[in-house]
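Generate the whole structure from the sequences, applying the supplied hints.
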Amino acid sequence: MSSVQEQQQQQNGALNRTLAPSARTVLERHATELLHHTVEDTFPLAPEVMTVGSRQYTCPERFAQEKQQIFSRVPLVLAASCELPKPGDFKTLEVAGIPVLLVRNRDGAVHALLNACTHRGAAVASGCGSAARFTCPYHGWTFAQDGGLVGIASSADFGAVDKAALAMKRFPVAERAGLIWVILDPEGPHDPADMLGGIDELIAGFDLAGWTRIVSRTMNGPNWKLAFDAHLEFYHIPVLHRDTFGPERSNRAFYFSHGPHQRVIAPCGRPGDAARDDLYTLGRLPTADEPLDPLLVGEWILFPGVSINTFYLKDQRGVLLSIVLPGPDVGTSTTTQTFLAETPPDEATRAAMEELCAFLAHVVGDEDLPTSALQQKSMATGLLGEVRFGRNEGGLQHFHRWLDDLLKADDSEIPALLAEPCPQR
Numbered sequence: 001m002s003s004v005q006e007q008q009q010q011q012n013g014a015l016n017r018t019l020a021p022s023a024r025t026v027l028e029r030h031a032t033e034l035l036h037h038t039v040e041d042t043f044p045l046a047p048e049v050m051t052v053g054s055r056q057y058t059c060p061e062r063f064a065q066e067k068q069q070i071f072s073r074v075p076l077v078l079a080a081s082c083e084l085p086k087p088g089d090f091k092t093l094e095v096a097g098i099p100v101l102l103v104r105n106r107d108g109a110v111h112a113l114l115n116a117c118t119h120r121g122a123a124v125a126s127g128c129g130s131a132a133r134f135t136c137p138y139h140g141w142t143f144a145q146d147g148g149l150v151g152i153a154s155s156a157d158f159g160a161v162d163k164a165a166l167a168m169k170r171f172p173v174a175e176r177a178g179l180i181w182v183i184l185d186p187e188g189p190h191d192p193a194d195m196l197g198g199i200d201e202l203i204a205g206f207d208l209a210g211w212t213r214i215v216s217r218t219m220n221g222p223n224w225k226l227a228f229d230a231h232l233e234f235y236h237i238p239v240l241h242r243d244t245f246g247p248e249r250s251n252r253a254f255y256f257s258h259g260p261h262q263r264v265i266a267p268c269g270r271p272g273d274a275a276r277d278d279l280y281t282l283g284r285l286p287t288a289d290e291p292l293d294p295l296l297v298g299e300w301i302l303f304p305g306v307s308i309n310t311f312y313l314k315d316q317r318g319v320l321l322s323i324v325l326p327g328p329d330v331g332t333s334t335t336t337q338t339f340l341a342e343t344p345p346d347e348a349t350r351a352a353m354e355e356l357c358a359f360l361a362h363v364v365g366d367e368d369l370p371t372s373a374l375q376q377k378s379m380a381t382g383l384l385g386e387v388r389f390g391r392n393e394g395g396l397q398h399f400h401r402w403l404d405d406l407l408k409a410d411d412s413e414i415p416a417l418l419a420e421p422c423p424q425r
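According to our numbering, the sequence shown holds residues 1 to 425 in order.
The hints are simulated quantities; they were obtained by calculation from the structure and are not laboratory data.
Given the structure is predicted, the values throughout are model-derived calculations rather than measurements.
Among the clues, some could well be false.
What the hints assert, rightly or not - In silico lysine-lysine, DSBU-like type, Cα no more than 35 Å apart, as pairs:
(1) Lys67 with Lys169
(2) Lys169 with Lys408
(3) Lys314 with Lys67
(4) Lys377 with Lys67
Here is the structure:
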């Protein structure tokens, strides 16, 4: 297939993606505002500087609240659907000390399980791979893909137990917009799909379910909020990343909120970039018979710790899915970067994507995270007292206000808070 045919195929794929009318309306409103500010050479700012106590990043009691009030009640994106493309595919990870097993069963449904044998708590899987069943490496108990207990080694010697009552703990899980969303409470009464507030409809235009995973990397970092704060503003880019992205990059960003989620968008197109999502070059809203890509421009922030960034290489589109998760204690976190390709790439494009992902891992792993670790050290002294988010750092202000609101909310209030997006700016 020629490069022209490949490009046409990708364009047709973009045309065939659909959005709910309400979602398109929201995205067009964002785009209209961006184009208006570009023409008028204006830039909106938050009303005032926001101050928060530095102990929010270092306090063990605050971290315990976040684990209970945020990470056990809010739908978390833990993987892209295409990371588990076939029945039996699985992935393990840890969230705030909770070991999780994601697996797609033979019927195509995804299950999220506590990665612990119900005999003595040993992990039944590690890493990622494919399995018809999971056998505990400690005593040989065997579990089905949905977590059901199907076999006990030397069962006659062990004694009578109710297998149905000894299934692995199951977490509420939903697949929406090509992402796997999980609530890390086995007793949670809510379907994650009912608590997304429409953010899944806004990003549905990516059609991520059919993409291809290229490569993943996991990096260790400091407190999860310090690790994630850098995704929420561009103020630092021409300073901290002057040798990687260049000092000429804008330090401004437009922010659009949707419930606790948001978009962070640079105020001008990427230099020399004629990519399909370059709204500024297009200079108008795309029509119904044109690709959706210009409406999806920007970095998408999915609360509490996920970022979606788009890149184009050799006329093919890729996405960097970054998932920041808390570690077992207040001063640890992991950042997992997974690069996805819209269509299966040829060898040269795959190599270019792997090279780009390595570069982005360098930016985060060698520039962002070490800086965040030094921030944590200074805050842990107790001498700094407080930190500030400027009027040009509206994404940080929005994020930390939502954290505070959810920490104070009763369980009964959470579904309504998340299901109803806050008014659009």
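Results for each hint:
Proximity of Lys67 to Lys169 is assessed by CA-CA distance (about 18 Å); at most 35 Å being required, the pair is judged to hold. Restraint check for Lys169 and Lys408: the C-alpha separation of about 27 Å stays at or below 35 Å, so the hint holds. Between Lys314 and Lys67, the direct Cα distance comes to roughly 42 Å. Violation of the 35 Å bound is thereby established for this hinted pair. For the hint linking Lys377 to Lys67, the alpha-carbon distance of about 22 Å falls within 35 Å, and the restraint holds.
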